[in-house]
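8 protein chains.
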Amino acid sequence: MKKIAILMGSDSDFPVVEKALTTLDKFGVPFEVHVYSAHRTPEEARAFAVNARENGFGAIIAAAGKAAHLAGAMAANTTLPVIGIPIKSSTLDGLDALLSTVQMPGGMPVATVAIDGAENAALLAIQILAVTDEELAEKLRFARLENAKNVLEKDRMLAEKYNK
Amino acid sequence: MKKIAILMGSDSDFPVVEKALTTLDKFGVPFEVHVYSAHRTPEEARAFAVNARENGFGAIIAAAGKAAHLAGAMAANTTLPVIGIPIKSSTLDGLDALLSTVQMPGGMPVATVAIDGAENAALLAIQILAVTDEELAEKLRFARLENAKNVLEKDRMLAEKYNK
Amino acid sequence: MKKIAILMGSDSDFPVVEKALTTLDKFGVPFEVHVYSAHRTPEEARAFAVNARENGFGAIIAAAGKAAHLAGAMAANTTLPVIGIPIKSSTLDGLDALLSTVQMPGGMPVATVAIDGAENAALLAIQILAVTDEELAEKLRFARLENAKNVLEKDRMLAEKYNK
Amino acid sequence: MKKIAILMGSDSDFPVVEKALTTLDKFGVPFEVHVYSAHRTPEEARAFAVNARENGFGAIIAAAGKAAHLAGAMAANTTLPVIGIPIKSSTLDGLDALLSTVQMPGGMPVATVAIDGAENAALLAIQILAVTDEELAEKLRFARLENAKNVLEKDRMLAEKYNK
Amino acid sequence: MKKIAILMGSDSDFPVVEKALTTLDKFGVPFEVHVYSAHRTPEEARAFAVNARENGFGAIIAAAGKAAHLAGAMAANTTLPVIGIPIKSSTLDGLDALLSTVQMPGGMPVATVAIDGAENAALLAIQILAVTDEELAEKLRFARLENAKNVLEKDRMLAEKYNK
Amino acid sequence: MKKIAILMGSDSDFPVVEKALTTLDKFGVPFEVHVYSAHRTPEEARAFAVNARENGFGAIIAAAGKAAHLAGAMAANTTLPVIGIPIKSSTLDGLDALLSTVQMPGGMPVATVAIDGAENAALLAIQILAVTDEELAEKLRFARLENAKNVLEKDRMLAEKYNK
Amino acid sequence: MKKIAILMGSDSDFPVVEKALTTLDKFGVPFEVHVYSAHRTPEEARAFAVNARENGFGAIIAAAGKAAHLAGAMAANTTLPVIGIPIKSSTLDGLDALLSTVQMPGGMPVATVAIDGAENAALLAIQILAVTDEELAEKLRFARLENAKNVLEKDRMLAEKYNK
Amino acid sequence: MKKIAILMGSDSDFPVVEKALTTLDKFGVPFEVHVYSAHRTPEEARAFAVNARENGFGAIIAAAGKAAHLAGAMAANTTLPVIGIPIKSSTLDGLDALLSTVQMPGGMPVATVAIDGAENAALLAIQILAVTDEELAEKLRFARLENAKNVLEKDRMLAEKYNK
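Chains as they are written, first to last, in the numbering used here: chain A, 1 to 164; chain B, 1 to 164; chain C, 1 to 164; chain D, 1 to 164; chain E, 1 to 164; chain F, 1 to 164; chain G, 1 to 164; chain H, 1 to 164.
Since the hints were derived computationally from the structure, they do not count as laboratory data. Remember, predicted model here, so these are calculated numbers, not experimental data. Each hint should be verified, as a subset may be incorrect.
[As the list claims (entries may be wrong)] Subject to a maximum C-alpha distance of 20 Å in a straight line, what follows is the list of computed EDC-like cross-link-like pairs (lysine to aspartate or glutamate):
(1) C:Lys26 to C:Asp155
(2) D:Lys161 to B:Asp11
(3) G:Lys164 to F:Glu153
(4) H:Lys154 to A:Glu44
(5) F:Lys154 to D:Glu160
(6) E:Lys164 to H:Glu32
(7) E:Lys154 to H:Glu32
(8) D:Lys2 to C:Asp155
(9) A:Lys3 to H:Glu32
(10) H:Lys161 to A:Asp11
(11) E:Lys19 to E:Glu32
(12) E:Lys3 to C:Asp155
(13) B:Lys154 to G:Glu18
(14) H:Lys161 to A:Asp25
Using the sequences and the accompanying hints, generate a full structural model.
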């Protein structure tokens, strides 16, 4: 199976990004995690993107805050799907990272998920692999059913308590 | 090759969405286009999503404006990757559609591109298919080179005119 | 008397939504509460909306955060009035939920109240029932008088302390 | 049948508000239209609200732009449901009117629809009357079917032209 | 000397508004404080505004949060200068109150100060009285000098510590 | 009678500001108009403010766009009431000018009116003079009545045409 | 004298950026203009930045719209001062480009000017060179005087026409 | 070597601004720090700017919150490069200070860094001095290498722990 790359612009993003790791783990999808900054280590970031496909990656998740360029810098150097996670930082509630990630110019898409949406970034990566991997698709379907069951269990508990 | 679905919430979105069709066409990627509204034709929208994988689709592009729920409604009913295009309408400059599309809750990713970013939505869909399709990946690389050549040609013209 | 439905997209919304329950209780209006997610349990959500009128409901209150589609998903499947409560979550201060709830396309209104405005959602539902229920209208008038009396009591205390 | 009141803060709002009139007309719902300003004619606005219920109204639609207080001023003086239409004016793209209309304090709900959402305001008013008027509910269901048919007809045309 | 009225929409605004009282006190300007809500006590609010001039007031300060209509409701019922303080509440960081207060329609000005700017509201009221009261103007000039002296004292301390 | 100063940061603001001149004229209030920029002519701007009171001015209206500092620069150099008009320019719809004008620090109030609100700026200046000028107050009351009459005339025309 | 580099992400930015060229020309400051995209020609962009200092440049101006990464990509590859011009494009009024340009992470400053502020970008570059170039500093002082004279001439004309 | 001035509008900004001092210190760049307010001490602020060049300064850093005019007031009175730090205060998350600082009118640039971006302000000042100071440029290059090394060390630790 192809691997998923999880990059973050700073190790201070790790507490948010960690959910991507655990989600990929839960689905048995192999991954590699790196701290590369589009601005502080542009060479390493670029080299990673350029070689990602031949190194066996199927998609790249990139998380960054503020003027978040990491996902775009990846996208500029690979034709693999790049998934951007805008990270909320100390000001502007993540709006800066969201716009810096999603408003990419024509020719260079970044598949952007919600602010701090690390779980969804991982799920999107899995969905991408599952386009041609029926077993993984089956796992996604199963996770959906579990998810729905959890909601309905919450519903049952609330309904029992409040609906006469 | 798997097909790409292009859905829009209203036929008034077509002038923006059309760029997705022409982009897919240019890459020789088969697609199917539909007008389905998450609110006005919820049943048809849902049925399309539920059956998309077995109907041979590899990804779903969904374009909608205002309180843009179409991409999310697709995502809720398929485990295929869903790509959301927020459409700018007469007020708020597309911010409403952007937030309605990208801020999805945990468990249900929508791969969001820029406001009115139809070309990038198509390119992202192609990238997704190209994860396991080397020929398509090659076409993407070639398009990148063309794209770069165009920029550098513009650079040459401007430099010639203004740099002494 | 017709019942009011109170739906929330996640049980984590309950601390905010609870005020809707207590408000309906105070007015003696029957209600039913459910956790249904537009994305995680689309079928149950849809089924609830489709059958709400014949199950004796007079209005549906739907609370959700982020890309809040629950109220819109209700509205798409019933002709009962649907009242949307945008829930503030960890980023963007509720603006995402507000725009996702209020900016509905033509043909599908959602009666949106303030961010986290659970009390007002309940009062609006009661006002809707009170259009044809003079006794309930009387209770609303009485509550307004109480409300005004409370304000004026606060005024009296402040005036006494600070106005010489 | 109870009447619907349609108020606007300025006659310059009429081109947007007109859609509410035509929508009510289409459903055979009687209405009365007025230009009352919360600021320039506070007495007339207040008197209208105070007497609306006994004058046979079932709901009040109030449209205003900028620091839009008209809907709130109505809500403060009646226990009928008040529906607010935020009107976009020359600056801020309607955000000012939206926040001024929807962010009402506890105790005084305004059922807010989208910016410039006059059609939805009328439909919401009709839904409110239809809670206890099965014939009107039937008309709403029929309009929904027509609406869906239109979307599907647009879908058919687009599909015919572009789907091979 | 004319009095200044200080109104607030809710007694929960008092901790912010209190600075207006202490500022007026410091300048020896008489004031009267009230809790009146544009929505919950519209009659009392209106009556206060209508009679304010003949009751000896020279300006009205009105503080309110969310869809803040209090200052506008005052302005609609008096020709005295009305000063609006937008109050930050639990969502949107005061932007809703700011726009609801400042974006008044033509004909009805509200002199708006910064979000939670109670001290400045009081100073503005004093400036208004000081247009024709030279003694008060002198006090304002003196306070400015004190204010500047404080800044320069801070400057001296910092400069001493850090400038070699 | 004291004069009103009308300053603008650029003569390109004149088409918006002109309404302030015509409004003051209508009320017979003397004024003086100047183009002074807080940034391009800081000395002239400052000198004007410093001498405004002794030159017979009762209030200063300052209009500026973008990072609008003119009103604040006036406020820093006079204890007269300063009224700020945020001017909408080619980007951000006037939000930059609004925040630059209204969010003044403690000690330095600027009485801010709506974006492009030149008429209201003039009316506020007149209200300030009218605090101690009963004749002017009478004119303001009369203008209000005219204003209300105009609204009610519009109401009559609309009602005649649409209310059966 | 060191040269100024003027880069833009797309030749469609040229109509805005042109003002930077004419401003540098007016001051006799040599410059070189290029179209390089952070995303479409990352290698050329990077190479330019890496070699800029030894190629005789004293500062780099970078203009880009949407998720504007060009200035940041320059900053990551040179220790020369980088000046960013956020370009307004078809949605969001330039806010996306502003935040993508200004909100740079610690260690990598971009000197950001106003949205579409090409003239100021050039002036800032000139000011940087003028730190150690007294002749250039003199030209800047002279331009300021001219600028002030223009404002005062506008003032004179307006004052003549409107001040009695 | 020329000195860098660090001004702040209030000593309450010091905890944020302090990072600029320590950064300049680390690079051995001399500086002078002052508390000057554009509004409360306009004369001292102006005098400082007017004399800055001849007093041996090479650039001015100005930090202020809310309607942040300090950087603009500096820029209006010197032709030295002025670097603005928008300071986040209790409301609006620094957006007010950002727009007040960056949206300067033509002719008066302020080199704006990120909200609370004191370290970057200092680095930008150093970059400006380093245009003609090769030794300082060398220090900047070295700091970049250190910075990159830190990121890669973080990368190594994370990779070791999570990449199998």
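Status of each hint after checking the structure:
1. C:Lys26 to C:Asp155: Cα-Cα ~25 Å, so violated.
2. D:Lys161 to B:Asp11: Holds. Lysine 161 of chain D to aspartate 11 of chain B sits at ~13 Å (cutoff 20 Å).
3. G:Lys164 to F:Glu153: violated (37 Å)
4. H:Lys154 to A:Glu44: holds (13 Å)
5. F:Lys154 to D:Glu160: Violated, at roughly 50 Å.
6. E:Lys164 to H:Glu32: Holds, at roughly 8 Å.
7. E:Lys154 to H:Glu32: holds (14 Å)
8. D:Lys2 to C:Asp155: Not satisfied, since the Cα-Cα distance of roughly 38 Å exceeds 20 Å.
9. A:Lys3 to H:Glu32: Roughly 53 Å separates the two Cα atoms, so the pair is violated.
10. H:Lys161 to A:Asp11: holds (13 Å)
11. E:Lys19 to E:Glu32: Distance ~14 Å between lysine 19 of chain E and glutamate 32 of chain E Cα, so the pair holds.
12. E:Lys3 to C:Asp155: holds (18 Å)
13. B:Lys154 to G:Glu18: Roughly 15 Å between the alpha carbons, so the hint for lysine 154 of chain B and glutamate 18 of chain G holds.
14. H:Lys161 to A:Asp25: holds (14 Å)
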